[in-house]
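Undergrad: Quick mapping for you: the protein sequence lines, in order, are chains A and B.
So in the working numbering, spot 87 of the first sequence is number 87, and the numbers just go up one at a time.
Just add 1000 to the spot in the second sequence (first one is 1) and you have the working numbering.
To be clear, the hints were calculated from the coordinates, so they are not data collected in a lab.
Hints may contain errors.
Stated by the list, open to error - No more than 25 Å apart at the CA atoms, straight line, and that leaves these computed lysine-lysine pairs for DSS-like:
hint: 1; chain 1: B; residue 1: 1086; chain 2: A; residue 2: 501
hint: 2; chain 1: A; residue 1: 324; chain 2: B; residue 2: 1103
hint: 3; chain 1: A; residue 1: 324; chain 2: B; residue 2: 1080
hint: 4; chain 1: B; residue 1: 1086; chain 2: A; residue 2: 317
As the list claims (entries may be wrong) - Facing chain A, according to a computed beta carbon distance under 10 Å, are these residues of chain B, among others:
hint: 5; residue: 1039
hint: 6; residue: 1043
hint: 7; residue: 1065
hint: 8; residue: 1067
hint: 9; residue: 1116
hint: 10; residue: 1148
hint: 11; residue: 1150
hint: 12; residue: 1151
Glycine is no exception: its CB is placed at the ideal position from the N, C-alpha and C atoms.
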Amino acid sequence: MKRISSLQELEKTRQEILGRIDPEKPYVTITSGTSARAYGSEKVIDTLRKELKKQGLTGKIDIRITGGQGFDEREPLVIVSPQDILYQQVKPTDIADIVSETLLGNKVIDRLLYKDAETGETVLHKTDIPFYKAQSPYIFGNNSKIDPTSLDDYIAIGGYSALAKVLREISPEEVVDIIKKSGLRGRGGGGFPTGRKWESCRNAPGKKHYVICNADEGDPGAYMDRGLLEGNPHSVIEGMMIGAYAIGSDEGYVYVRYEYPLASENVENAIEQLRQCGLLGKNILGTDFNFNIKVSRGGGAFICGESTALMASLEGKAGEPRAKHIHTVESGLWDQPTNLNNVETWANVPLIINKGVEWYTSIGTEGSKGTKIFSLVGKVKNTGLVEVPMGITIREVVYDIGGGISGNGKLKAIQTGGPSGGAIPASLIDMPIDYDRLSEAGSMMGSGGMIVMDDKTCMVDIAKYFMNFLKDESCGKCTTCREGTRRMYEVLNAITEGNGKDGDIELLEELSWIVAEGSLCALGQTAPNPVLSTIRYFRDEYEAHIKEKRCPAGVCKALITYSIDEENCTGCGVCKNVCPVDAITGKKKELHTIDPDTCIRCGACMAACNFDAVKVV
Amino acid sequence: MIKFTIDGVEVEAEEGQNVLQVALDNGFDIPHLCYHEALEPYGACRLCQVEITRGNRTRLTTSCNYPVFEGIKVQTRTDKVIRARKMVIELLLARSPNVPVIKELAEEYSVGTPRFSLDNDDCILCGLCERVCREVVGVEAITFLGRGSSRKVGPPLEINPQTCIACGACAYVCPTNCIKVEENENERTIVRWGRTLPMKKCKVCGRSFAPWFQLDYFGKITEGIPKDFWDKCPDCR
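Working from the sequences, and respecting the hints, build out all of it.
TA: Pasting the structure below:
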């Protein structure tokens, strides 16, 4: 890689890269992030390369491999340009057709197009698919334009122009001011105003200032940060560099969770490229700004996403939080002023610098500016990563983007904020999503997990699930969090097993109080949220479990009985065949019955019955 | 000097001190199990919680790791504080129903039988042993293992702790007395860590008085003490 040693050279390099691009030349984009790889994207790419070679097309048609583009359940996506035809769920066996029919024959392959489940209409272009239509992909959208391993690609779309802009014409104090005025708040959890954090860190005395990118994303069902780091690592690094310049730091760390090998690889590769061309190191772009970044991989503990635990882990100690009476912006990593922001927060920074405060603050609500990436998962038709403006309603996200509830269930609740958040009931579906509204509703923005639950979800069981997660992932330091979450789990477990007692709800509330009030870090302080929010909105479900020994959603095994409906049963015997414990008896073409004592409530009979004859009471 | 109030009484402290130590020095009774004045405060047991007003914000917080600030208002016995302590005691009592110090606290705070299933763990994970071994002795023979509800203290990798000098400092600071030291004619054993070391005999009286390893280590880390000092038992020195 050629050295880029001045602001002019960066611009010249950009022009050179753009000059090399032939707008007429066809190219094929294939997604190959973690989700796509799980679906076999690497084989698809390999097959395409071989097929192009076979047809003598190598060099005549370019291949661009990108990170995830959000629509994870349809991966891998293959986009044929310049026509921009999107094929989804492509398999290696589809490649020959794509080459012969679309690339050579200019014909569209109907079977690979996205098909609207309701209207049955096929959609040709990505932006016309409902999943993408209602999004505002300012941050995540660039994933589709670049190969994350190519610095040239990032520079071509204007990469590092925000850095160049601040180095050229904006003083560090002014950069802090811009971020303050932008209203950007931390995307990792608490939503602290980013500009104020930067200012405190900048003003804190110390031998050295550090910046950290927190990529220890660990909420169940959330993977926004993985998507960004895998698909556009340079945007995160550029944000860190601008932050470092503003704060007066010359050293940064990216702390990536252990379970994200591709994200680590891509960010390490990006850093290496920047070092080689002089965009990291001393006198960056010919100015007196020096900066370097190291990547550190976590060891697999959820608690290391907490800032002080993360810093302890970076120092080589056990990942355990410490009291924050002295903030980390004053005394953080190695007791020096340290500014830590989440992956998505950093990725917002170049956008704000490039587009300006006025533009940025026009998006969102009064207290929450810009967009937010959510991972939309659970019982929703279209799952994946979605970027939406703050203030969008839950209804728009679940129905317009998510396409509604999968199967034939009804929307019951949405869990936002992962294990620190809470369940928001379907009755609040028109609530705008922003930091403050979510907190008021007893949940939180968190890092952006959004789990959609239908009426076959038991809310007591959900609370138990999160409490099980938290009791295992608590570091175990504070008595309140360690013992409290464990006891909350025990109480919830007893309720779901039919051993709930009068007063259990109140006991859970008392335990919630001490865990939240008495614990040192945010993990403990927010741990009761899944329990408190489900009690707040679904108290009747708790009461049904405790008083009537009944699970209304039909989930808790100890409280349900499977039976066969006389009218619907045709006596086909399918249920009998699938039952793993031989609990079902009945003659061919006669009513079958389930022995409740033998039945293990696995639900296999219900899933297998074609006549809706198996019921849960 | 930093001036602030505890339960309305004005107290003075030096910068860098923590609220708990100042309160104890001034005769205020705040229960605590994971704090020792010779060690870095840790904030694990959560018993020393008090309400502290700083600026216009009042919060429940542990006093052991709260640094003193000018003008703060500390309250050690509000309803909220007592409620929090009682809950912490109940949680500790359910974990360690047979530990005397916990039983005494439960009695003092009128905490009856816990509303949870009872365990029988004699360690409350206060971490004093781990800190004294690392901060004072300096051998780091034991550490925290695991996390969440499976957290415990033990030698790294749970194998015989090679750096343990069997000095017994961990047993000395343990508030629940769960670390036992056994000695016979020739050996000392720290039962909990499974460490047995041969002891040196006093040059004067012939009595076994401390492990060889411990005396060697002390000889290495101390300066200006005559070598034969470590050959004699404390009584004969």
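Undergrad: Against this structure, judge whether each hint is valid.
TA: Hint check results:
{"no.": "1", "hint": "B/1086 with A/501", "result": "22 Å, holds"}
{"no.": "2", "hint": "A/324 with B/1103", "result": "32 Å, violated"}
{"no.": "3", "hint": "A/324 with B/1080", "result": "21 Å, holds"}
{"no.": "4", "hint": "B/1086 with A/317", "result": "32 Å, violated"}
{"no.": "5", "hint": "1039", "result": "14 Å, violated"}
{"no.": "6", "hint": "1043", "result": "6 Å, holds"}
{"no.": "7", "hint": "1065", "result": "5 Å, holds"}
{"no.": "8", "hint": "1067", "result": "6 Å, holds"}
{"no.": "9", "hint": "1116", "result": "5 Å, holds"}
{"no.": "10", "hint": "1148", "result": "4 Å, holds"}
{"no.": "11", "hint": "1150", "result": "8 Å, holds"}
{"no.": "12", "hint": "1151", "result": "3 Å, holds"}
Checked against the numbered hints given earlier, this structure breaks hints 2, 4 and 5; the rest are met.
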